[in-house]
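Asks: Make the full structure from the sequences, and use the hints.
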Amino acid sequence: KQEVTQIPAALSVPEGENLVLNCSFTDSAIYNLQWFRQDPGKGLTSLLLIQSSQREQTSGRLNASLDKSSGRSTLYIAASQPGDSATYLCAGVDDKIIFGKGTRLHILP
Amino acid sequence: NAGVTQTPKFQVLKTGQSMTLQCAQDMNHNSMYWYRQDPGMGLRLIYYSASEGTTDKGEVPNGYNVSRLNKREFSLRLESAAPSQTSVYFCASSATQGGYGYTFGSGTRLTVV
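In the order they appear, the protein sequences are chains W and D.
One point on numbering: in our numbering, the residue at position 22 of the first sequence is 22, and numbering is uninterrupted.
One point on numbering: in our numbering, the residue at position 46 of the second sequence is 46, and numbering is uninterrupted.
The hints are simulated quantities; they were obtained by calculation from the structure and are not laboratory data.
In this text, all values refer to a predicted model and were calculated from it rather than measured experimentally.
Listed next, with one range per pair, are the computed distances between beta-carbon atoms:
{"#": "1", "chain 1": "D", "residue 1": "E73", "chain 2": "W", "residue 2": "L19", "range": "38 to 48 Å"}
{"#": "2", "chain 1": "W", "residue 1": "G16", "chain 2": "D", "residue 2": "D56", "range": "41 to 51 Å"}
{"#": "3", "chain 1": "D", "residue 1": "F10", "chain 2": "W", "residue 2": "S69", "range": "38 to 48 Å"}
{"#": "4", "chain 1": "D", "residue 1": "P8", "chain 2": "W", "residue 2": "R72", "range": "37 to 47 Å"}
{"#": "5", "chain 1": "D", "residue 1": "S80", "chain 2": "W", "residue 2": "G16", "range": "51 to 61 Å"}
{"#": "6", "chain 1": "W", "residue 1": "D94", "chain 2": "D", "residue 2": "M27", "range": "17 to 27 Å"}
{"#": "7", "chain 1": "W", "residue 1": "Y76", "chain 2": "D", "residue 2": "E73", "range": "34 to 44 Å"}
{"#": "8", "chain 1": "W", "residue 1": "S52", "chain 2": "D", "residue 2": "G16", "range": "42 to 52 Å"}
{"#": "9", "chain 1": "D", "residue 1": "P83", "chain 2": "W", "residue 2": "G16", "range": "41 to 51 Å"}
{"#": "10", "chain 1": "D", "residue 1": "G3", "chain 2": "W", "residue 2": "A78", "range": "24 to 34 Å"}
{"#": "11", "chain 1": "D", "residue 1": "N62", "chain 2": "W", "residue 2": "E56", "range": "32 to 42 Å"}
{"#": "12", "chain 1": "D", "residue 1": "A95", "chain 2": "W", "residue 2": "A79", "range": "28 to 38 Å"}
{"#": "13", "chain 1": "W", "residue 1": "A79", "chain 2": "D", "residue 2": "R77", "range": "40 to 50 Å"}
Even glycine gets a Cβ: it sits at the ideal position worked out from N, Cα and C.
Replies: So this is what it looks like as structure tokens:
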């Protein structure tokens with residue numbers, strides 16, 4: 001059974017810093033790995049999708065990597081801004097999508 | 001805008017009442033899913049439909065039923081609501097099961113009193 005773990009559960013950093021969010025999964029036979037953002041009281045917004053044949057994806061200040069052999073993915077956020085404050089969810093996808101419990105990120109102005 | 005539409009956005013039910021949550025997608029996706037999100041528990045899969053005409057149980061199916069009405073629509077029914085079903089419910093779709101990422105609706109916030 002696929003399990004997805006995200007560390008840390010919460011993170012506060014000063015504005016402008018670069019940061020890394022970590023995600024690990026137990027079953028390396030995933031089709032792809034997807035990162036989402038969720039603002040309080042809102043739905044999920046897809047940030048990046050890494051397919052199993054890829055090692056990383058980039059969108060603006062975000063870069064996500066995938067290492068299937070070690071069961072790990074990271075989300076790198078460059079030059080953080082207060083608007084980046086949200087919960088970030090990692091999800092492993094095989095025949096279903098299994099979510100981690102998320103990292104609550106707070107960027108301090 | 002293309003995407004996943006859920007109705008209603010908010011609902012309050014009394015214990016024992018029934019209701020149906022509606023979900024529709026206009027992206028021609030084959031697979032659709034229902035999740036619930038609770039504090040400290042994360043997102044948990046209730047039911048999914050890999051393709052039109054099929055439905056399967058997820059992690060927490062008890063107390064729910066689903067109908068894949070057609071390729072676009074996937075509804076979730078609570079036959080006799082219980083306070084334990086107070087949650088935020090999300091519908092999602094994907095082009096194929098496991099492929100090309102998932103798109104989520106904005107959620108239904110359900111309170112059972």
